[in-house]
Amino acid sequence: MKPGVWNDISKRDRELFAVIEEKVNRFPERVRLWNDKRGRPIELSCHILARAFANVFDELTFVDGRWSSMRFEHSWLVTQDYGLIDVYPVGTMGGPLLLWDHPTCRVRPAKIYVPDRRVTRKIFEHMGYQEFMHAVAHATELLRDA
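The numbering of the sequence shown is my numbering, which starts it at 1 and goes up by one.
By construction, these hints were calculated from the structure, which means they are not laboratory data.
The calculated EDC-like cross-link candidates involving lysine to aspartate or glutamate, where the alpha carbons are at most 16 Å apart (straight line), are: (1) LYS37 to GLU131; (2) LYS11 to GLU59; (3) LYS122 to GLU73; (4) LYS23 to GLU141; (5) LYS37 to GLU125; (6) LYS111 to GLU73; (7) LYS111 to ASP101; (8) LYS2 to GLU15; (9) LYS23 to ASP145; (10) LYS11 to ASP101; (11) LYS122 to ASP36; (12) LYS11 to ASP81.
What follows is a list of derived Cβ distance ranges for each label pair: (13) GLU125 to THR104: 31 to 41 Å; (14) ASP8 to ASP36: 33 to 43 Å; (15) THR104 to ASN35: 43 to 53 Å; (16) VAL107 to ASP145: 33 to 43 Å; (17) ALA110 to ASN35: 32 to 42 Å; (18) ASP36 to SER10: 32 to 42 Å; (19) LYS11 to ARG118: 30 to 40 Å; (20) THR104 to LYS11: 10 to 20 Å; (21) PRO3 to MET93: 15 to 25 Å; (22) TRP6 to THR92: 15 to 25 Å; (23) PRO41 to CYS105: 32 to 42 Å; (24) MET93 to HIS126: 20 to 30 Å.
Small disclaimer: the values here were computed from a predicted structure and weren't measured.
All C-beta atoms, glycine included, are put in the ideal place defined by N, C-alpha and C.
Could you build all of it, start to finish, from the sequences and the hints given here?
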């Protein structure tokens, strides 16, 4: 059974999402990315994975912001056809999510996924810019190989 939004989401986004799902499922469970500026191991995060996917797929753009009314810092991807792809969803099981974020959509993800540039600055302050970007580069290579 296909959900009602199936006809709204572009075929290109559905096909891209299928490839992303496959890559997420093949991504290593445990991966050593790098150390942060304090020498602690960097754990895989939504911030790293969103950037890595944007590096692998030119049609994707990562967004840093906040998720839900709890305002968790989070990162996700957007497509040119109003797709919103969460490759590392907060508090869920089952893999990435594909949502339709078109202005005519009655239940817009934009109410839950709120861009916030301050999150980017906090990521860099927490881990260190060079250290974070090294982890993103390593995750990008792992995705290309997946």
